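Student: Construct the entire structure; sequences and hints are all you get.
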Amino acid sequence: MTAGAGSASDAQVPAVELVGVGRVFHRPRESVFGPRPEVTALADVSLTVPRRARFGIVGESGSGKTTLIRLMAGLDQPTTGSVVVDGVQVSGRREREIAPLRRRLQLVFQDPMGSLDPRMRIGAIIAESLRGMDPASRQTRVAEVLGQVGLPTDILRRYPHQFSGGQRQRISIARAIAGRPAILLADEAVSALDVTVRAQILDLLDELATAEDFTLVFVSHDLSVIRRVCDQVAVLHEGRVVETGSTEQVYSDPQVDYTRSLLAAVPTLERGLAAARARRAAGG
Amino acid sequence: MTDPLLTVRGLDVLVGEVELVRGVDLTVYPGERVGIIGASGSGKTVTCLAIAGLLDDGLVCRGSIRLAGVPTDLARARERDWAPIRGLRTGMVFQEPMTALNPTMKVGRQVAEVMTRHRTHGRREARRIAVELLGSTGLPDPERIAGAYPHQLSGGQRQRVVLAIALANGPDLLICDEPTTALDVTVQARVLALISSKVAETGAALLFISHDLAVVAEVCDRVLVMFGGQIVESGSVEDILLRPQHPHTRALLADAVVRMRDQP
Amino acid sequence: MKGSPKHRNSLLVAGAVLIGIVVLAAVVSFFWTPFSPVFTDVRNPAAPPGRGGHLLGTDRLGRDTLTWLMVGAQTTLKVGVIAVGIAAVVGTPIGILAGMTRRRWSEVIMRANDVLLAFPALLVALILAAKYGASITSSMVAIGIASVPGFVRVIRAGTIQVMGTDYVQAARIAGLRGPAIAVRHVLPNVFGLIIVQVSVAYAIAILAEAALSFLGLGAPPSVPSWGRMLNEAQSMLSVQPMIAVWPGLAIAVAVLGLNLLGDGLRDRFDPRMITRQVRP
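Residue numbers (our numbering), protein chains in the order written: chain A, 1 to 284; chain B, 1001 to 1264; chain C, 2001 to 2280.
In case anyone wonders, no lab produced these hints; they're calculated from the structure. Be careful, since some hints might not be right.
[Claimed, not checked] Label-pair ranges, simulated between beta-carbon atoms:
#1 Arg158(A) / Val2038(C): 53 to 63 angstroms
#2 Gly62(A) / Arg2104(C): 20 to 30 angstroms
#3 Ala2252(C) / Asp1025(B): 52 to 62 angstroms
#4 Phe2269(C) / His1151(B): 43 to 53 angstroms
#5 Val2028(C) / Asp1056(B): 45 to 55 angstroms
#6 Glu2107(C) / His1151(B): 15 to 25 angstroms
#7 Gly62(A) / Gly1170(B): 49 to 59 angstroms
#8 Pro100(A) / Ala2252(C): 54 to 64 angstroms
#9 His1151(B) / Gln255(A): 28 to 38 angstroms
#10 Ala1068(B) / Glu2107(C): 54 to 64 angstroms
#11 Phe2269(C) / Ala143(A): 19 to 29 angstroms
#12 Ala211(A) / Thr1002(B): 30 to 40 angstroms
#13 Glu2107(C) / Ser1154(B): 25 to 35 angstroms
#14 Thr79(A) / Arg2104(C): 15 to 25 angstroms
Here the structure is a predicted model, which means the values were calculated and not measured. For each residue, glycine too, the CB sits at the ideal point set by N, CA and C.
Tutor: Right, dumping it as structure tokens:
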């Protein structure tokens, strides 16, 4: 199966299409006979991620962005609305019914510690999504993706704990791209990393998106990170999309107050410098 | 000039034969705000753990760490020497607020405990001050928060609780190890502002560890740059940002340069 | 990261040596024992160690203590293999299943498990003894069944933790289904729990076997068992305390050995323990 095969990959079909998606969680009852309290994580979210787009979703924790990404990945089901990923209806389906989608969509997680099985060797981790391939071509592919993410091929027999956070995130990306996905979801993929490593991983995702030609959906709380890799962005606030547009446009001319507050919160060297100068002027 | 509050001289930290930190000299004056910056593995966290006396077993510490008014050299202090210092003279804020709090204890009690333990206040008094402290960290409805368990609070709220504990006994030195790394940018901005105003208000000195120069610049006056277990450069925030000398400092700046352009 | 690899290795060796002693005693007893297990030295009942050629003394009927300990080791090993084997082989898959299925099924499994937990081993033993006759095997099966709920609980808790990790989510996204996730990710990561639970269950099984034998539901009086020896020694405590000390010591050696072996094996199978992280 090649990445381009099938009508699902037709350029006309959007990579992800959400229509009126809502997700309500039930918390445990507070009293024996009382109703179970409801928490609305997402309310009436409609989004279209065009094929081969680099699409950013920005929002604070609690904005529903993790729920959104879980819905796109088919790891959770919406309460209302429909989720169509790569032309496959995900909402209302059982896990085994969306199996064809699995190869086509991959996820890179936030925590480079928790996303790799500590008891598996790197080679086995990366080969996980290549099951069904014959061993020889699987090996070739694993070596190939390791090269793509900038890791040497002699690490196949090592374990995750032997690597730094940045290296682990590279391994995570290698696992994600090994099966040549059409869509790559990145959930806060650089938030746990140092600024230096963060810059390298963002560059890597940027390169790979171009070279491998996949749709990138990048979720983060930090607009400056999104801006570095995405051309389009949706701003999520309290379970609703409050603003969408091209990254440049949202960045330079935010339309809603919430987006402005997100922008203002990003620490910058200029502001730090200004703060230090102000303190010195005040303190003498 | 006043006497320094914290004087570290020739600090080495070793695990077996490997030197994690080598020859670190560091002086913090009362009320001063000092930042330590470096990538992960640069030794900045190990340095700060050594100063707080929280090094893991198996890590050996050489050199001298002096805190004003404490007769023992903290580099050689034993656990019982630390008891009257930790929580009273020094306060500590960690990267991960969830693991820094006891999940089975209401947060109000955790704040009060640090005061009753050092006998700075009686039980009832401590309880009242705990609620006040929680309120002063900008937590809404501190009475209710005091009765909540850590898992019922958000990450930013938990970090405020940790800060309240660190400040409960009016420490001379507040040590913050990547206190906002686990937080969203908006929450980070508020917690940084809070740390900054609290330090100004109480007159405590601040030792602030981060990998992000932009964050350090926001709260500190002086910055030490660590690389490979050593301090490679130090100076005022302005000097480091505008006139970096060491190539590693320049690299750290370059990684933050995207953000420089990003100013709307 | 506490303790050097060398230190952990020595735990494993110590455990293996202690268990090795028990296994060796059991194997040798098939071919040779100092005295016949059925021989009663009527002139030297309750003898102290050394008297009448009895290296560790005799019990109140004059049976050689060393002989009984060696033959009793067979019983002890049988206890381990059958009782703990049943518990682990039945309990682990049920625990993993309970931890992986939807909440409703998980609840059903756990409530059934609670019922079994509340069902005394003694009653199971009585039922089995009534149907198949009292024997070591029937008492061991009873203890095994009674030990299942403990495994289910511990393994389920561990499974739930593993299922919450990102690497399991990654496996689901890679298209792995339940059984594959259970074998590739859950089982290796709860393996440490299984080993610890085995050593705990084993200790309980040895003591439970002693109690059942004492009640006549386990090993018949002619079959040597450490538990039976310990129980029978109770009436002789004031006369010859050493009679109680030897089987007590043997039980302690077996349980301690298994615990050390369990800890050692758990660390051995944990890659994080084999190769230390190379600090940058």
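Student: With reference to the structure, classify each hint as holding or not holding.
Tutor: Against the structure, the hints come out as follows:
Between Arg158(A) and Val2038(C), the C-beta spacing of about 59 angstroms keeps the proposed range 53 to 63 angstroms intact. Separation of Gly62(A) from Arg2104(C) is about 28 angstroms and conforms to the stated range, judged on CB atoms against 20 to 30 angstroms. Between Ala2252(C) and Asp1025(B) the CB atoms are about 55 angstroms apart, so this pair conforms to the stated range of 52 to 62 angstroms. For the pair Phe2269(C) and His1151(B), the supplied restraint of 43 to 53 angstroms is violated, since their beta-carbon distance comes to about 32 angstroms.
The hinted range of 45 to 55 angstroms is satisfied by Val2028(C) and Asp1056(B), whose Cβ atoms lie roughly 46 angstroms apart. For Glu2107(C) and His1151(B), the hinted distance range of 15 to 25 angstroms is satisfied, since their beta carbons lie about 23 angstroms from each other. The hinted range of 49 to 59 angstroms is not satisfied by Gly62(A) and Gly1170(B), whose Cβ atoms lie roughly 33 angstroms apart. The hint said 54 to 64 angstroms for the Cβ distance between Pro100(A) and Ala2252(C), and at roughly 59 angstroms that hint holds.
For His1151(B) paired with Gln255(A), a C-beta distance near 36 angstroms keeps the hint of 28 to 38 angstroms intact. For Ala1068(B) and Glu2107(C), the hinted distance range of 54 to 64 angstroms is satisfied, since their beta carbons lie about 60 angstroms from each other. For the pair Phe2269(C) and Ala143(A), the supplied restraint of 19 to 29 angstroms holds, since their beta-carbon distance comes to about 28 angstroms. Distance hint check for Ala211(A) and Thr1002(B): the Cβ-Cβ separation is about 59 angstroms, which falls outside the suggested range of 30 to 40 angstroms.
As the Cβ distance of Glu2107(C) to Ser1154(B) is approximately 30 angstroms, the hint placing it in 25 to 35 angstroms holds. At about 18 angstroms, the CB distance of Thr79(A) to Arg2104(C) agrees with the hint of 15 to 25 angstroms.
Hints 4, 7, 12, counting from the list given before, are not met by this structure.
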